[in-house]
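In order, the protein sequence lines correspond to chains X and W. 367 is the number of the first residue of the first sequence in this note's numbering; add one for each residue after it. -14 is the number of the first residue of the second sequence in this note's numbering; add one for each residue after it.
These are calculated hints, taken from the structure and not from any lab test. Each residue gets a CB set at the ideal place from its N, CA and C atoms; glycine is no exception. One or more hints might be untrue.
Claimed, not checked - Incomplete in silico selection of chain W near chain X, CB under 10 Å: (1) T26; (2) N158; (3) G160; (4) G171; (5) V175; (6) G185; (7) A202; (8) C213.
Said to hold, decoys possible - From chain W, some residues computed to sit far from chain X (all C-beta separations above 10 Å): (9) I52; (10) L59; (11) V86; (12) V109; (13) D111; (14) F128; (15) P194; (16) K197.
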Amino acid sequence: MSTAAGGPAGGGIAPTQMIILGAVGGLAGIYLTMLNQAMDTTIFSFLGGIGAIFAAVWGADAVRRVCSYGLGTGVPSIGMVALGMGIVATMFGLTLPEVSGIPTIAGPIISFIVAAIIGLLIGLMSNKILMMNIPIMEKSMVEIAGAGALVMIGLSTAIAGSFDIVAIMPAVVETGFIALVFIGGAMTILHPFNACLGPDEKQDRTLGVAVSKGALIMALAGFASLAVESMDAMSGALTTIVGLVIWVVYFKRFMKHSHRDSYLVTGTGLLPTEEELE
Amino acid sequence: MIDIMTIILITLGGILIGVGVHFIPVGGAPAAMAQATGVGTGTVQLAAGAGLTGLISAGFMYNHLAISGTFTGLDYLMVVASGAVGSMIMITVTMFVGQLVYVYGVGVPPVSAKVKKDPITGDVQDLYVSRGTEGHGVPTVSFVSGTIGGLLGGLGGSMIYVQLMQIVGDPSNSGAVALAGIFATGVFYVNSVLASYNIGGTIEGFHDPKFKRVPKAIVSCLIASLLCAIIAVPIMGGVV
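Extracted from the complex, chain W is given alone in its bound form:
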């Protein structure tokens, strides 16, 4: 009755979310005052914002493709790609608008305090860090990192959603859609919070020394998502 492959893919989706969160430049409260690099809000809020947008775009694509009755491997790729792109758009728009506020509103140059030179552009960073701060704005490397984070988060979220929907296999069943959506959201929150506990506050992106903690997040997200998947699969099969 329980499909092992489904459980594995849901768990993998959870791990992708957990890893994706580490890529997103989260500045928290200090960044809201332009005293740390990244967007000025918490990890969970940023990850959830991007992840839920990904779920919506994945859900739209799934409904569009699966309503015909057949769902091929190519369709699967289309759905998860749609989810990933949705998340990436959301996170890049957030970073870009935040950047406009930092540069033209607060009047600070986007700069990282964790590296001397931007690993992508090679621009000098340390000269531009205001005294008493840990960087400000969203420098190029953080922007690219955040986009990768959106990709992974959206991919993970939509994988969970599609797997749950595939158990029922009926996109016109509104109960199944709502249940799969809310389950994916629940698993998304659990994994993004675990990842944010691993980060412990702020992170600039993949160049940040804190990024080395990723393996620990992978282990915890694996355990948590596996448990959620084992619980979720029989319900989706049983209730609708």
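Isolated chain X (complex conformation):
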């Protein structure tokens, strides 16, 4: 419907590299926040936000690959299903260690795997039962769901300072910030391609939007963590500042890319007044 129908999307960075970048970068960002516990501080929480940005870029790339086939329902639908699966998988993965006695460190990995399984199932059903016949649907759904789960864990970690469910429950869930994480995370994944689609869509421009979008949500996560008791104000402010700096850099780059990809950029001046028209 609203997508640029017709064939797979090409681009500078190959899908395999994107997967490695997103999965490794995302998980690394999330696990590096364990420095908080190691050094008894909360200052490293912003690394969770950085991890979320890596995952968002991966998710946005998967969305642009699958949506270039034309879903018929608009791009936002696939982002919302990603985060719908992501939230269920995230909470399951982070809670399982608490319930079953597995080490807490396994939480994000479990979430990631569960999200991938749900994604695979939804992808299979879309092709086999609903007959969407998009060749890369299963693979893309696995990627999008996995990226969705990582974005949510990353942002939650940035707010709570730890991916332990004992910290996330009071800081992210009970405060209601989970709604921000949910819809904001979905935006980072669905918005870039929705904003840039068309025959002139370029990978670097679309993924630049994903970075700037992720950075904006990261800045908001920093604000949110100011309201969390277990976090000191410096950590929240640092998350916000890092997010805003990344946003400024990538938004400028997006403007540059938009000018590069357009045929002509010209000022039209103000609208003519009624006297001038006569």
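For this one, chain X is given, so just place chain W on it according to the hints.
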């Protein structure tokens, strides 16, 4: 530990959402330009808008009734009815205001291009379809269909929410409320997107030939919701 009945009811809620989406007259981008029958936005947005309103009204009713400590079968019915009515109000208001814009703003008569006569009022339809379009506005049959869609969606969403809340059984626990709410939202999105993939763009309501695809959506929503329910139930029991 895991209650089979809870899982069955959550799955049923998911199926109701998936079926409900098929009733909602979704016109997508063409309808935004008055070139297709229905409201001019995507399936997911419409279904989620109505569904989330249903969740809020169900949540309000649940909090009101369950805070006393007892939660009877009648209370259960009250909560899901409240959710259904909330969704119906949301979707009918959306359709009605959209209708005002189509009729008085764009200047087109509400008409369906899929049937020759409106199955409810019997009014002639095909004469009024503008050339080059697939109908416009929200004709009576689509309006009624959309209201049924809101009913089913709201019912399904609030069933999921109440079941999750009942696992904890403490409406004053804000963690449980937030978790149940966000889980219900997640399951809602998964099911409404699956349904919208089944529809593939636009649908006018239960009189649309695409409505015959419902069985496929029921199967997929059953599998997806079952998986979500199996995952959700232990978490609600374990975390709060």
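Can you name, in rising order, the numbers of the hints this structure does not satisfy? The structure breaks none of the hints.
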